[in-house]
Amino acid sequence: MNEHKGAIKKMMIILSKGTLENVYAAFVLANGARMEGIEAEIFFTFFGLEAVNKKKLEHLHVATVGNPAMHLPTMLGGLPGMEALATHMMKKEMEKIDMPDIHEFLEILTASGVRMWACKLAMDMFHYTKADLYEGVENVITVGDFYKQSESEGVHMLFV
Amino acid sequence: MTKSKLLGDLNVYTYTVNEEGYLTNFSQWDEKVGESLAAEANIALTPRHWEVIKYLQNEQQNQVALSIRRIGKSGLVDIKEFYQLFPVAPLKTATKIAGIPKPASCI
Chain A
-17 MNEHKGAIKK MMIILSKGTL ENVYAAFVLA NGARMEGIEA EIFFTFFGLE AVNKKKLEHL
43 HVATVGNPAM HLPTMLGGLP GMEALATHMM KKEMEKIDMP DIHEFLEILT ASGVRMWACK
103 LAMDMFHYTK ADLYEGVENV ITVGDFYKQS ESEGVHMLFV
Chain B
1222 MTKSKLLGDL NVYTYTVNEE GYLTNFSQWD EKVGESLAAE ANIALTPRHW EVIKYLQNEQ
1282 QNQVALSIRR IGKSGLVDIK EFYQLFPVAP LKTATKIAGI PKPASCI
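First to last, the sequence lines map onto chains A and B. For the record, in the first sequence the residue sitting at position 126 is 108 according to the numbering used here, with numbers rising by one throughout. Plus 1221 on top of the position in the second sequence (first one is 1) and you've got the numbering used here.
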């Protein structure tokens, strides 16, 4: 604690996963920060890039395997169609609580001033180009750039 | 917490706010009180601000749960402009000025 009394000024969120529940978590945190007057940026890396890949972002799924909180035996979670079913159910519940879909959420984040970056290393690995990405993503940057971007008082970093 | 303000003329306005600065009784609200609350949030109200404030009060009266998403779908103001009008914590600030309760929304 120093002169800014621990106030959170900016949230730097790293999204490394492309499952629906993780993407929503990152988006809600970023949007929630802006709603509180806190700056927010998201760095999309590895499978997190799926959330801003124009061809894939509408087709994200809930993970049904390796997720004990689903209360679904792992063997069953791996059955064909199980992920699609769980995803369908989750999307239905989300609509009920007025949760936007991924594309609309990206529009909300952009309009709210959330800055978005894509990880260069992951982009190279998946052979993506900037043209594959949602327009709100400002640039493709390195992890070093991201750290530089985070230099300030009251900045918190979060890995999803 | 009760606040008494001298607003321009010689009238003293008294209104009660909770610990977060929200008016506890909407019947105490009028445009002078709105201006006073806006001044505390460092916002100079323009006609456009007032349109949004009236919209929020109307939604509150109709018991609509307010959220950023709903503001975006209001047809009155888009999210980008909403943030331009009320740059810091727009929904919280705008509802505070409007004299209505803080929305309990995560989105």
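Simulated from the structure, these hints should not be mistaken for lab results. Where is the CB? At the ideal position from N, CA and C, for every residue including glycine. Mixed in with the good hints, there may be bad ones.
[What the hints assert, rightly or not] Derived DEER-like restraints, expressed as beta-carbon distance ranges:
(1) Gly60/A <-> Asn1246/B: 32 to 38 Å
(2) Ser1248/B <-> Lys(-13)/A: 15 to 21 Å
(3) Gln1249/B <-> Gly126/A: 35 to 41 Å
(4) Gly63/A <-> Asn1279/B: 42 to 48 Å
(5) Gly(-12)/A <-> Ala1286/B: 39 to 45 Å
(6) Val1309/B <-> Gly48/A: 26 to 32 Å
(7) Trp1271/B <-> Gly60/A: 33 to 39 Å
(8) Ala1325/B <-> Lys36/A: 30 to 36 Å
(9) Ala66/A <-> Glu1272/B: 23 to 29 Å
(10) Ser1248/B <-> Gly48/A: 52 to 58 Å
Query raised in the report: Any hints this thing doesn't respect? Which numbers, in order?
Result: 1, 2, 3, 5, 6, 7, 9
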